[in-house]
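*Asks:* Letter by letter, the chains look like this.
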Amino acid sequence: MDTSKKTIIVFSGDFDRVMAAFIIANGAAAMGDDVTMFFTFWGLNALRKPEKVRVKEKKSALQAMFGKMMPRGPGKMGLSKMNFAGMGAPLMKKVMKDQNVMSLDELMASAREQGVKLVACTMTLDVMGFKKEELIDGLEYAGVAAYLGEADEANVNLFI
Amino acid sequence: MDTSKKTIIVFSGDFDRVMAAFIIANGAAAMGDDVTMFFTFWGLNALRKPEKVRVKEKKSALQAMFGKMMPRGPGKMGLSKMNFAGMGAPLMKKVMKDQNVMSLDELMASAREQGVKLVACTMTLDVMGFKKEELIDGLEYAGVAAYLGEADEANVNLFI
Amino acid sequence: MDTSKKTIIVFSGDFDRVMAAFIIANGAAAMGDDVTMFFTFWGLNALRKPEKVRVKEKKSALQAMFGKMMPRGPGKMGLSKMNFAGMGAPLMKKVMKDQNVMSLDELMASAREQGVKLVACTMTLDVMGFKKEELIDGLEYAGVAAYLGEADEANVNLFI
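Chains as they are written, first to last, in the working numbering: chain A, 1 to 160; chain B, 1 to 160; chain C, 1 to 160.
Careful: at least some of the hints might be erroneous.
Any copy, or any two copies together, can satisfy a pair, since identical chains are not distinguished.
[Claimed, not checked] Listed next, the in silico PhoX-like pairs over lysine-lysine satisfying Cα-Cα at most 20 angstroms (straight line):
no., residue 1, residue 2
1, Lys-76, Lys-52
2, Lys-56, Lys-68
3, Lys-132, Lys-68
4, Lys-97, Lys-131
5, Lys-81, Lys-68
6, Lys-94, Lys-68
7, Lys-117, Lys-68
8, Lys-56, Lys-81
9, Lys-68, Lys-131
10, Lys-97, Lys-56
11, Lys-56, Lys-131
Please keep in mind that the hints were generated in silico from the structure rather than gathered at the bench.
From a predicted model like this one, the values you see are computed outputs, not experimental measurements.
Given the sequences, and given the hints that come with them, work out the whole structure.
*Replies:* Here it is, written out as structure tokens:
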């Protein structure tokens with residue numbers, strides 16, 4: 001089996017879109033491919049720790065507000081459709097669990113075990129005022145140039 | 001003219017996004033390319049028959065609810081923007097028809113006549129509890145591994 | 001450094017998604033790549049002049065309505081998430097400016113200076129009734145066949 005490279009930009013912070021990204025990433029990794037996922041804009045929320053983290057550096061009022069209003073990690077993310085004021089995601093998780101589909105937490109853990117590279121966009125980090133200690137461990141940090149370098153080596157590049 | 005392969009993941013169930021997917025698919029097929037469209041998550045709604053289909057297997061209450069609330073086929077799908085509580089899509093269809101743009105139904109028929117392969121995501125089918133008889137005829141059924149196999153052979157891979 | 005080609009379909013008219021598209025386009029152009037951006041559907045709004053332009057040809061009532069309700073240029077576009085009835089985009093612009101991130105106007109100007117090709121989708125133009133004098137100068141005009149021709153030559157093709 002030939003191995004090849006895949007990149008996925010995870011721009012969206014919607015539960016369903018992030019889920020799709022990890023399903024593709026896990027599938028490709030299982031087939032022996034190198035996979036790199038770049039989390040940018042709302043997608044970065046998928047990498048936040050679920051608990052509030054005390055950080056030393058001061059955030060601007062706007063950064064604090066964005067940080068407070070945006071979901072901390074996949075457990076808090078909503079659906080892109082039929083969100084029903086937040087009730088859609090738990091219902092979707094329930095039907096998925098009933099069908100023995102891996103949860104997003106499990107998909108993320110599996111992706112990391114399989115060596116999928118998770119990259120946090122440094123520009124988004126700066127804009128939103130997120131500090132590294134607020135994000136899950138084991139991430140890489142890079143910008144658009146690093147993404148383009150990897151995309152040039154890949155044969156499938158998706159924007160989700 | 002060289003022929004090559006294109007894949008499109010249709011994740012979105014928005015009328016306008018599905019329309020864009022079929023415009024690209026038809027264009028590529030007209031240029032002699034092999035085109036495979038994978039319908040997953042909300043995108044699967046584009047492949048539902050417009051009428052309610054009685055199925056033998058029992059669905060869970062949640063599956064029945066999702067099935068009831070999600071649009072049955074392209075005729076019921078809304079716009080991603082300016083949906084105006086469902087009025088946006090008919091208005092968009094009207095301006096498109098005025099300009100002699102093919103309708104989504106026509107684009108779907110044309111795609112199939114041109115040999116575009118339409119694949120329904122089996123995981124979504126399981127999660128949503130859709131049965132094959134509820135979807136239009138002539139589909140293939142496959143999962144993420146099949147998608148990745150085709151994407152590896154393609155030179156353009158889009159996620160819509 | 002090898003140069004290669006990138007294409008980006010800008011389908012979305014959301015401020016944040018258009019911003020992401022231009023960040024990638026600028027990054028690739030800075031690395032010496034040829035970049036072509038195709039603006040279609042809502043994405044075409046990013047190319048509208050900010051002021052109302054008097055046009056000779058008559059628009060249909062629906063076209064006039066769409067033209068009036070859709071944003072004229074990037075300055076009027078909203079966010080895909082946390083739009084807060086239009087207040088989200090200014091807040092996002094503020095946090096970006098605080099972090100010395102280039103504004104969307106600057107990114108667009110930089111892209112054009114770097115030779116990024118901006119293509120307006122002629123079908124969308126027809127449907128929406130936009131005239132060339134309502135869009136910014138220096139655009140090319142083409143349809144799906146031209147897009148596919150360029151995508152065939154590119155090694156990264158994104159749909160945003």
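*Asks:* Which hints from the list above does the structure break, by number from lowest to highest?
*Replies:* 7, 8, 10
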